[in-house]
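Trainee: First to last, the sequence lines map onto chains Z and X. All residue numbers for the first sequence refer to the working numbering, where the first residue is 1 and numbers rise by one. All residue numbers for the second sequence refer to the working numbering, where the first residue is 1001 and numbers rise by one.
Don't read these hints as lab results, they were simulated from the structure. All figures in this text were calculated on a predicted structure; none of them were measured in a lab. Honestly, I wouldn't trust all of these hints.
[To be verified] Chain X is faced by these chain Z residues, among others (derived, beta-carbon under 8 angstroms):
1. N162
2. L163
3. L164
4. N165
5. L166
6. G167
7. V168
8. D169
9. R252
10. K253
11. Q254
[As the list claims (entries may be wrong)] Taking lysine-lysine and the DSSO-like style, the derived pairs with C-alpha atoms no more than 30 angstroms apart in a straight line are:
12. K171/Z - K1074/X
13. K1103/X - K253/Z
14. K1111/X - K159/Z
15. K253/Z - K1074/X
16. K171/Z - K1061/X
17. K159/Z - K1103/X
18. K159/Z - K1074/X
19. K159/Z - K94/Z
All C-beta atoms in this analysis are idealised placements derived from N, C-alpha and C, irrespective of residue type, glycine included.
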Amino acid sequence: MNGVVELQIWQFLSIYLLLIVVLVIFLKMRLSQTKRLLISSLMMTIQLIAAGFVLTYIFENPHPVYTMIYLSAMLIFASYQVVGKNKILNRKFKLAIVLSLSTSGAVVLIMFVGVIVGVSMFNPQYTIPLGGMIIGNAMTGINLGLKNFSESISTQRNKLENLLNLGVDPKRILLPHVNQALETALMPTINSMMGMGIIFLPGMMTGQILSGTIPTTAILYQIAIMIAICSTVCLAVFGSLIFGYRTLYNDRKQFVSFLQDS
Amino acid sequence: MNIIETEAITFAGILNYPPVQIPEGSVTFLTGDSGSGKTTFLRLLNSTLTPVSGRVFYRGKDTGFEDPLEIRQKMLLTGQSVYLFDTTIRDNFRMYYEYRDLKPPSDEFIKEYLSLCIAPFPITSSCNTLSGGERQRVYLSIFLSFGADAFLLDEPTSALDRNLSDSVFSNIVSFAKKSNISLVVVSHDTELVRKYAEYEVSLSKRVMV
Chain Z
1 MNGVVELQIW QFLSIYLLLI VVLVIFLKMR LSQTKRLLIS SLMMTIQLIA AGFVLTYIFE
61 NPHPVYTMIY LSAMLIFASY QVVGKNKILN RKFKLAIVLS LSTSGAVVLI MFVGVIVGVS
121 MFNPQYTIPL GGMIIGNAMT GINLGLKNFS ESISTQRNKL ENLLNLGVDP KRILLPHVNQ
181 ALETALMPTI NSMMGMGIIF LPGMMTGQIL SGTIPTTAIL YQIAIMIAIC STVCLAVFGS
241 LIFGYRTLYN DRKQFVSFLQ DS
Chain X
1001 MNIIETEAIT FAGILNYPPV QIPEGSVTFL TGDSGSGKTT FLRLLNSTLT PVSGRVFYRG
1061 KDTGFEDPLE IRQKMLLTGQ SVYLFDTTIR DNFRMYYEYR DLKPPSDEFI KEYLSLCIAP
1121 FPITSSCNTL SGGERQRVYL SIFLSFGADA FLLDEPTSAL DRNLSDSVFS NIVSFAKKSN
1181 ISLVVVSHDT ELVRKYAEYE VSLSKRVMV
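Just chain Z, with the same shape it has in the complex (with noise of 0.2 angstroms):
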């Protein structure tokens, strides 16, 4: 097998004609998101440009502390993404959510560079791009669970407030809503899982493959990466929403505003 081809300037440049592609279809169409396609294409090229620079420093100069930063940038990007995109949330959920995604990422990660791979966690090469899908998948993971999670609260209000009226307790009464939305933030990894191999080859064995990684061995990391994602998903979405819950109810069995501290 051979390694990877080296991808030449201007033969690179000319995948950007498929963007402009979509961009024609976009203008047509007026479609309202063409702004964000534009900044968006840009932002992924900066930051893909930054992060290849980062990335090829690091590799050639490894120290802890900057496999740790890396981390640690990750991990608050992400937090920031959850908790941004669901301003409305009270602190306290804030701190469930950011908690849950930094611990089950943090634990993943490390088992599945110390056990799995059995290198140093503080290896470049495996901890940031085995870190970056685990992370970047919780991350997902939890914003569609939290998503279905609000919207099936504040659309079913009234079912709740009457039932907190009969005098159940607000644990029973949230908790339907709590697996609800776990099994929505779930359902997008089982169903990749099911798909996998067969309707497409994933991009991390894809990516092992053309840079000459002999396909049993690509399929192994596949198989555990996989595995970590949906384990980390899942952890990630049942700490935040376990102990997310908690904190819409208060000790008098009150239901205190989902919204943001006033």
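For this one, chain Z is given, so just place chain X on it according to the hints.
Mentor: Just chain X now, kept in the frame of chain Z:
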């Protein structure tokens, strides 16, 4: 003896209530303009809200120190917004009973309470197909069937026409009298107030100084 007594309670900085005493077994109406805090007052009574100042007593005990779930079961509040599950009448009873950790009620029991609220629909009919007024009566039947020491009824017959409203309310009053249950009722229906009120608490919009 008074079943419910309140000090001059205040809530959220804008609502301040006069002290209220509600005698046991009585039919007491809360009246006043919209925005005078009638619904909030009921919620302060059943501990789903806590007053900013002032205490609420249930049978002489400060509700602030009682188990709130027990208080709510003893002073059962039926809200202005009806909630029924998307299923049959019988299953609605069952689901509400399950939330209260009670065994599903028998069909005879269900029918008895449906007829109390003049809701003589087949118990297998789906609640989705019922009209607003029919839903309100089924909802009342379910809540009344739980029994309580006092019922706090927030606009219980708002979706019913005058005659039906009167018949349903008359049934509820005789049901309450039979079991010595106190009724605290919020209603805009002046006819109901005139006919059934033994006591009336009139709340006016008061602004705190």
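Trainee: So if I understand the rule, the pair passes when the alpha-carbon distance is 30 angstroms or less; does K171/Z with K1074/X pass?
Mentor: Given that 30 angstroms is the threshold and the Cα spacing comes to 20 angstroms, the pair holds.
Trainee: Can the restraint linking K159/Z and K94/Z be considered satisfied, given a maximum Cα separation of 30 angstroms?
Mentor: holds, 25 angstroms
Trainee: Report holds or violated for the interface hint on Q254/Z, using the least CB-CB distance to chain X and a cut-off of 8 angstroms.
Mentor: With a closest approach of 6 angstroms, the Q254/Z hint holds.
Trainee: Going straight from one Cα to the other, do K1103/X and K253/Z come out at no more than 30 angstroms?
Mentor: holds, 24 angstroms
Trainee: For K171/Z and K1061/X, compute the direct alpha-carbon distance and say whether it is at most 30 angstroms.
Mentor: Roughly 26 angstroms separates the two Cα atoms, so the pair holds.
Trainee: Holds or violated: is the Cβ of R252/Z closer than 8 angstroms to a Cβ in chain X?
Mentor: Status holds, d = 5 angstroms.
Trainee: Min Cβ distance, N162/Z to chain X: is it shorter than 8 angstroms?
Mentor: holds, 4 angstroms
Trainee: Quick check on the hint: D169/Z CB to chain X CB, less than 8 angstroms?
Mentor: holds, 6 angstroms
Trainee: Does the interface hint hold: is G167/Z within less than 8 angstroms of chain X, judged Cβ to Cβ?
Mentor: With Cβ-Cβ at 4 angstroms, under 8 angstroms, it holds.
Trainee: Verify the proposed pairing of K159/Z with K1074/X, using a straight-line Cα cut of 30 angstroms.
Mentor: Answer holds: K159/Z to K1074/X is near 20 angstroms, not above 30 angstroms.
Trainee: Between K1111/X and K159/Z, is the straight-line Cα distance small enough, at 30 angstroms or below?
Mentor: Holds. K1111/X to K159/Z sits at ~23 angstroms (cutoff 30 angstroms).
Trainee: Given L166/Z as an interface hint, is the shortest Cβ-Cβ distance to chain X below 8 angstroms?
Mentor: Since chain X brings a Cβ to about 6 angstroms from L166/Z, closer than 8 angstroms, the hint holds.
Consistency with the previously given hints is maintained throughout, with no hint failing.
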